[in-house]
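What follows is the residue order along each chain.
2 protein chains.
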Amino acid sequence: MSVDFTKHAEVQRKLAQEEKLDPRVQGLVNEVIARVADKWTMTILDVLAEHGELRFTRLSKLVTGISQKMLTQTLREMEREGLVIRTVHPVVPPRVEYRLTDLGLGLGAAFCGVWVWAEQNLARIEEARTEFDQRAADAQRAYPRT
Amino acid sequence: MSVDFTKHAEVQRKLAQEEKLDPRVQGLVNEVIARVADKWTMTILDVLAEHGELRFTRLSKLVTGISQKMLTQTLREMEREGLVIRTVHPVVPPRVEYRLTDLGLGLGAAFCGVWVWAEQNLARIEEARTEFDQRAADAQRAYPRT
DNA sequence: TGCCATAGTTACCGTTTAGTAACCGTGATG
DNA sequence: CATCACGGTTACTAAACGGTAACTATGGCA
Chain A
79 MSVDFTKHAE
89 VQRKLAQEEK
99 LDPRVQGLVN
109 EVIARVADKW
119 TMTILDVLAE
129 HGELRFTRLS
139 KLVTGISQKM
149 LTQTLREMER
159 EGLVIRTVHP
169 VVPPRVEYRL
179 TDLGLGLGAA
189 FCGVWVWAEQ
199 NLARIEEART
209 EFDQRAADAQ
219 RAYPRT
Chain B
79 MSVDFTKHAE
89 VQRKLAQEEK
99 LDPRVQGLVN
109 EVIARVADKW
119 TMTILDVLAE
129 HGELRFTRLS
139 KLVTGISQKM
149 LTQTLREMER
159 EGLVIRTVHP
169 VVPPRVEYRL
179 TDLGLGLGAA
189 FCGVWVWAEQ
199 NLARIEEART
209 EFDQRAADAQ
219 RAYPRT
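Chains as they are written, first to last, in this note's numbering: chain A, 79 to 224; chain B, 79 to 224.
Hint data in this document are derived by calculation from the structure and do not stem from the laboratory. Bear in mind the structure is a predicted one, so any value in this text is a computation, not a measurement. We treat Cβ as the ideally placed atom computed from N, Cα and C, and that holds for glycine. Mixed in with the good hints, there may be bad ones.
Label pairs and their calculated CB-CB ranges [unchecked claim]:
#, chain 1, residue 1, chain 2, residue 2, range
1, A, E175, B, P172, 56 to 62 Å
2, A, D116, B, S145, 17 to 23 Å
3, A, F134, B, T165, 48 to 54 Å
4, A, T142, B, Q212, 30 to 36 Å
5, A, T135, B, E131, 26 to 32 Å
Whenever a hint applies, use it, and build me the whole structure from the sequences.
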């Protein structure tokens with residue numbers, strides 16, 4: 079329940095510093111993050127960080143819920159961004175292996191913090207949600223819509 | 079160009095550990111991250127971390143490019159997740175202030191790593207992209223579509 | 001009387017995204 | 001000759017996203 083204001087102040091300083099460094103960069107960084115921080119990309123990053131090198135079918139089983147199409151698509155994008163390396167062995171049936179580049183591993187490490195945050199604060203978020211919804215329902219009862 | 083394998087191994091251990099902790103959690107965490115890691119949410123988080131407390135109109139000017147609708151919408155979602163606090167002063171014209179909760183500040187801190195990563199690796203990503211596109215163009219020239 | 005500012009909400013509509021399911025090539029196998 | 005495995009690609013469709021513009025409420029002010 080207590081807050082580490084030292085840490086927060088530090089974060090604020092960091093964020094402010096980056097703003098000052100280069101105003102143009104902000105947009106680019108934001109774009110990169112937006113591109114990289116999507117649902118499937120993060121899950122694939124995680125799975126590849128965990129298992130090292132994986133073939134397409136194996137990957138599709140480990141990334142629960144993804145469709146073949148989205149897996150292909152996301153992997154291509156990640157390859158384009160330089161996050162994964164795609165190795166095709168010219169045999170039949172085809173054998174294609176995917177693994178993270180240094181860049182990909184670095185991103186995995188960076189995301190680790192968010193991952194940990196999410197894990198640690200799951201309960202708090204769910205709590206906040208039900209509380210919010212409760213307040214919304216109360217307001218609804220007080221001022222019902224037409 | 080060199081790789082810090084120590085760090086990477088560490089990351090892999092961390093990620094693996096978390097997997098083991100609770101398989102159900104993975105889905106939940108992923109959902110939370112997916113919800114939180116969108117373009118506007120991150121930008122707003124950033125701006126609020128930098129400026130502390132802001133009114134609606136001021137916020138809309140600092141978050142360049144956002145429409146009134148999306149700002150309202152995103153702020154409501156963030157409030158629901160417990161990331162921001164919305165304070166309404168019952169005066170006229172209305173005065174509404176937004177600021178981050180501890181949870182929001184914590185998320186900002188966690189994302190800081192990703193932010194730094196993106197900033198540091200911008201060049202490498204752009205490089206990877208042009209390289210990829212070049213290879214794609216070459217392949218295209220070698221095997222033109224019908 | 002009419003207009004201002006603030007912080008929204010709502011209706012409408014085009015764009016983007018993601019999922020389903022079918023199809024493709026190839027060589028080995030039955 | 002037909003089927004399977006593997007790693008895709010493609011067409012179709014439903015849902016979500018996000019932008020514009022108009023509308024809301026309220027008290028103060030000219």
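Cross-check of the supplied hints:
| no. | hint | verdict |
| --- | --- | --- |
| 1 | E175(A) <-> P172(B): 56 to 62 Å | holds, 58 Å |
| 2 | D116(A) <-> S145(B): 17 to 23 Å | holds, 21 Å |
| 3 | F134(A) <-> T165(B): 48 to 54 Å | holds, 51 Å |
| 4 | T142(A) <-> Q212(B): 30 to 36 Å | holds, 35 Å |
| 5 | T135(A) <-> E131(B): 26 to 32 Å | violated, 51 Å |
In this structure, the one hint that does not hold is number 5.
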